[in-house]
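If you read the sequences in order, they're chains A and B. Residue 711 in the working numbering sits at position 141 of the first sequence, with consecutive numbering throughout. Residue 591 in the working numbering sits at position 21 of the second sequence, with consecutive numbering throughout.
Intra- or inter-copy, both count: the list cannot distinguish identical chains.
Below, a list of computed lysine-lysine pairs in the DSS-like style, where the Cα atoms sit at most 27 Å apart: (1) LYS643 with LYS698; (2) LYS643 with LYS599; (3) LYS643 with LYS617; (4) LYS698 with LYS599.
Quick caveat, the hints were computed from the structure, so don't treat them as lab data.
Now for the letters of each chain:
Protein chains: 2
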Amino acid sequence: MHLCKSVAFMILGVVVAGCATVANVDREKQTLLGVDREWARVASEGKDVERIVSFWSDDATIIAPGAPILRGKEAIRNFVQQSLAIPGFHITWRSEEASISSDGTLGYTIGENAMTIPGQDGKMVTVKGRGIAVWRRGPTGEWKCVLDIWNSGP
Amino acid sequence: MHLCKSVAFMILGVVVAGCATVANVDREKQTLLGVDREWARVASEGKDVERIVSFWSDDATIIAPGAPILRGKEAIRNFVQQSLAIPGFHITWRSEEASISSDGTLGYTIGENAMTIPGQDGKMVTVKGRGIAVWRRGPTGEWKCVLDIWNSGP
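For reference, chain A alone in the conformation it holds in the complex:
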């Protein structure tokens, strides 16, 4: 029976490795919210383009209101650079909710945002909005934003 036990443990080992993507959902939700908050902090500082851009996946999509759909890191980097180059530009957001798949490979956050930009008369205006970010957790366990969309409220 010792051999049986060995075989059993070997198989269990393979199983655990094979099911390794099955996540502790609550813990991963908190991790995802934490990543999103760190991203919001860095973005509201508005200084480190590369760090801000690093939260998106290489193939990420941004669907911003009134703008063409952006796809891929290069387009996103330009978008961030151009936004930060606007004098007085400021962005902030806070996600209160995160939801993820049972295996912890896909998730989304819902949040409220505020963007300060020049209005039509040149004066700065703060536009409030609501948005969602869709996230993927890669093989290294890191969450990356793959899709970003928002709009303005009433």
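Starting from the known structure of chain A, fit chain B onto it as the hints suggest.
Frame of chain A, contents of chain B only:
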């Protein structure tokens, strides 16, 4: 060794049952796109409120541009009823992309939409937009939309 084999197969049986949520990702993507297209067809007909509403989960959220966030089936049913009651109202959308988690429990679709509504001068206008829907697949295997958000392009 026969006993060992029996133990091994028993364990494998438990494993397969435990990993049963791991999905055929490509097949589920096509299923999800199919569900979304059927929803779009029913919505563009604009006749059957209950059928249109049935594609959302009971706890679904709608984040429509310029409107308060809607949560739950009752709020969504009112929203659909009020929209369909507008003379000349028409909605259509088409999702070309679907993406799902490895275990097939969570997914999203990206699509383009067009909504015909009365403009400020009372004449009907068609507003084009882009949106995403987040979907959950329940224990019965049915995909339900849990989150809906869109905005207008340039």
